[in-house]
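When you get a sec, could you build the whole thing from the sequences and use the hints?
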Amino acid sequence: SQQGEEDPQALSIQEGENATMNCSYKTSINNLQWYRQNSGRGLVHLILIRSNEREKHSGRLRVTLDTSKKSSSLLITASRAADTASYFCATEEKSSGDKLTFGTGTRLAVRP
Amino acid sequence: DVKVTQSSRYLVKRTGEKVFLECVQDMDHENMFWYRQDPGLGLRLIYFSYDVKMKEKGDIPEGYSVSREKKERFSLILESASTNQTSMYLCASSFPGGLSDTQYFGPGTRLTVL
Chain A
1 SQQGEEDPQA LSIQEGENAT MNCSYKTSIN NLQWYRQNSG RGLVHLILIR SNEREKHSGR
61 LRVTLDTSKK SSSLLITASR AADTASYFCA TEEKSSGDKL TFGTGTRLAV RP
Chain B
1 DVKVTQSSRY LVKRTGEKVF LECVQDMDHE NMFWYRQDPG LGLRLIYFSY DVKMKEKGDI
61 PEGYSVSREK KERFSLILES ASTNQTSMYL CASSFPGGLS DTQYFGPGTR LTVL
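If you read the protein sequences in the order shown, they are chains A and B.
The numbering of the first sequence is my numbering, which starts it at 1 and goes up by one.
The numbering of the second sequence is my numbering, which starts it at 1 and goes up by one.
Treat the hints as calculated values from the structure; they're not laboratory data.
All of these numbers come straight from a predicted model, not from anything done at the bench.
By construction, the Cβ of each residue, glycine as well, lies at the ideal position given by its N, Cα and C atoms.
All clues given are correct.
Partial list, computed: chain B residues near chain A (C-beta under 8 Å): (1) 31; (2) 40; (3) 41; (4) 42; (5) 43; (6) 94; (7) 101; (8) 102; (9) 105; (10) 106; (11) 107; (12) 108.
Printed below as a string of structure tokens:
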């Protein structure tokens, strides 16, 4: 299956700054999701954006989706040290049923 | 809240051993998934199940099998463990499409095969 690519692979910022991470994918999708993983733990769902949506907000999170470019971005505003984690995008492809295809992730470090 | 539990956080086994990884969810989800996670490779789907006694191969099923005898339980079996199966194993569950597209993950099992 085709996997999403995330950019950058790693990101280090100061507390209070914004963090932006990008995801590109290769096929037509039903939706794109972002998950967070704290070190050595399972993934936690953050936000889902459907293929007919362009932007979505949830608290300090803002997700955009450009289906013409097959790309998405996740913006975390006013970052906190507790936001330190790995972030993964996952796509539900149109032909895949309920399966998700995950990207390789962005490691975010927020310095206090 | 949805709870997905996995039988062990850490597991050390020897080459050739038969290994069972158990996953239990308490939200009556039809779908269950097994992934492995390796540095630089992200999550890769091993097997998934849409219903009891039903299983389908994911992207990397070689060397693995699964069992789903009850709706809440999905087991991953390594018939003869090998060192290249050293990895983090993650279980997830979800409702079928149209109800919710979110997957809920367990805490993971870090398996080391010596």
